[in-house]
Amino acid sequence: MVELTQQPIDAAAITQSVTSPTSGAVVLFLGTTRQFTDAKETVTLTYTAYAPMATSEMEKLETQAKARWPIDRCVLVHRLGEVPIGEASVAVAVSTPHRRDAFEAASWLMDRLKELVPVWKKEHWASGSTDWVHPGLVQREDENTLQ
Amino acid sequence: MVELTQQPIDAAAITQSVTSPTSGAVVLFLGTTRQFTDAKETVTLTYTAYAPMATSEMEKLETQAKARWPIDRCVLVHRLGEVPIGEASVAVAVSTPHRRDAFEAASWLMDRLKELVPVWKKEHWASGSTDWVHPGLVQREDENTLQ
Amino acid sequence: MIIRVKLFAVAQDLAGCEEVSLELKEPVTVGAIRQSLGQRCAALQPVLASCAFAVNNEYADNSVEVQETDEVACLPPVSGG
Amino acid sequence: MIIRVKLFAVAQDLAGCEEVSLELKEPVTVGAIRQSLGQRCAALQPVLASCAFAVNNEYADNSVEVQETDEVACLPPVSGG
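Residue numbers (the working numbering), protein chains in the order written: chain A, 1 to 147; chain B, 1 to 147; chain C, 1 to 81; chain D, 1 to 81.
Any given hint could turn out to be false.
[Said to hold, decoys possible] For lysine-lysine, the following DSSO-like pairs were computed, each having C-alpha atoms within a straight-line distance of at most 27 Å:
(1) A:Lys40 with A:Lys122
(2) A:Lys114 with A:Lys60
(3) A:Lys66 with B:Lys60
(4) C:Lys6 with A:Lys114
(5) B:Lys114 with B:Lys66
(6) D:Lys6 with B:Lys114
(7) D:Lys25 with D:Lys6
(8) B:Lys60 with D:Lys6
(9) D:Lys6 with B:Lys122
(10) A:Lys114 with A:Lys66
(11) B:Lys122 with B:Lys66
(12) B:Lys114 with A:Lys40
(13) C:Lys6 with C:Lys25
(14) B:Lys114 with B:Lys60
(15) B:Lys60 with B:Lys122
(16) B:Lys40 with B:Lys122
(17) A:Lys40 with A:Lys114
(18) A:Lys60 with A:Lys122
(19) C:Lys25 with A:Lys60
(20) A:Lys122 with C:Lys6
[Claimed, not checked] Partial pick of chain D residues on the chain B-facing surface, computed with a CB cut under 7 Å:
(21) Cys41
(22) Ala42
(23) Ala60
(24) Pro76
(25) Gly80
Calculated directly from the structure, the hints in this document are not laboratory data. Here a beta-carbon is modelled for each residue, glycine too, at the ideal position from N, C-alpha and C.
Please take these sequences and the hints and turn them into a complete structure.
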């Protein structure tokens, strides 16, 4: 199950929803908003998505993970809009018969989600300024740099 | 924080208790009772512990994990007594600034807990019989086999 | 052929709009769209080499051919999670 | 010296009690306790080689010396989690 939501992520409901009598292991990952990045203080974060593609990419990740590990149930949720300090922007939960697979699958899903799902984070700094977060973005000022 | 409890494990409260503004990642592991082990059906499980040593060993694991990874908060809980099908017998939760550490630490804590903490599981099979689970136990019938 | 390109995050801010329409000669590829977009919106040019493109919700490299009915999007490096 | 050994799980079931008292000559080691326990409770002997021992809540190998006030426990392979 994948979801994009404007609401707070209900970690308890997600954990409950992946628990099953056929699985011995549940792993839940939550990505939460940190107050400090190095010395800079964040007031809040906002997330925006290319929603139909984000949903489609998350569904592909769920399918791929299920092909690779014996996953019983799988939930991927990304929150959009404002995510205050200490709250979760993303949740990944999986259940598997044995724990090694649950850890591996949840970790892999988070790695791939951060790499592939078109969602963008904007930092709202305590100084009043904002920054889009674009890992690896190069701003070239010369003219003939298009791929 | 480590705990042995006779009560159901409150995964939501544990998740909440490790979440903090200084951490960007929370990993929760739950070990839950499976209904089937190969073809044998489990009715329920009971867990017993050498309680003071189990608490002490869990505290050592928490200390060791905190020395090895930048853990913000850490919770280890083991339930004792009867743990019905689908319910959690063990919970490990950690928060860290970055996700890789949270996955590694939670996985390591579970591996060590299963290896070192003096807790024993008894299977109550649908057939009516029961078995203590003692991985690697060898029952030698000859006399001169003491280490 | 008219191709409309959706913009997101810093690309949307730099262009000052959510979508740009481009007129291109067939056959149209993602590479041609990328180049045309940089000419149409000079403010986007410095970041375009870092952006991915998607066609109908799938990542698409410069060689992918695009039809007029396809949905095209310009995606700066993602930062979800 | 009297040493009382706590028993758990299958060891408790085999011995039919939660604790066994052993009389041992000093100096007493975990190895001597292990051997004496097998002689005292024949039912335990087949599993004792697979059991760990703890002294005052710490794992202790056969060479560890034990005092009369120490808490000693015989631990079959654990299966928590």
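Status of each hint after checking the structure:
| no. | hint | result |
| --- | --- | --- |
| 1 | A:Lys40 with A:Lys122 | holds (14 Å) |
| 2 | A:Lys114 with A:Lys60 | holds (14 Å) |
| 3 | A:Lys66 with B:Lys60 | violated (36 Å) |
| 4 | C:Lys6 with A:Lys114 | holds (21 Å) |
| 5 | B:Lys114 with B:Lys66 | holds (18 Å) |
| 6 | D:Lys6 with B:Lys114 | holds (21 Å) |
| 7 | D:Lys25 with D:Lys6 | holds (19 Å) |
| 8 | B:Lys60 with D:Lys6 | holds (22 Å) |
| 9 | D:Lys6 with B:Lys122 | holds (19 Å) |
| 10 | A:Lys114 with A:Lys66 | holds (18 Å) |
| 11 | B:Lys122 with B:Lys66 | violated (31 Å) |
| 12 | B:Lys114 with A:Lys40 | violated (40 Å) |
| 13 | C:Lys6 with C:Lys25 | holds (19 Å) |
| 14 | B:Lys114 with B:Lys60 | holds (14 Å) |
| 15 | B:Lys60 with B:Lys122 | holds (25 Å) |
| 16 | B:Lys40 with B:Lys122 | holds (14 Å) |
| 17 | A:Lys40 with A:Lys114 | holds (22 Å) |
| 18 | A:Lys60 with A:Lys122 | holds (25 Å) |
| 19 | C:Lys25 with A:Lys60 | violated (33 Å) |
| 20 | A:Lys122 with C:Lys6 | holds (19 Å) |
| 21 | Cys41 | violated (13 Å) |
| 22 | Ala42 | violated (9 Å) |
| 23 | Ala60 | violated (11 Å) |
| 24 | Pro76 | holds (5 Å) |
| 25 | Gly80 | holds (3 Å) |
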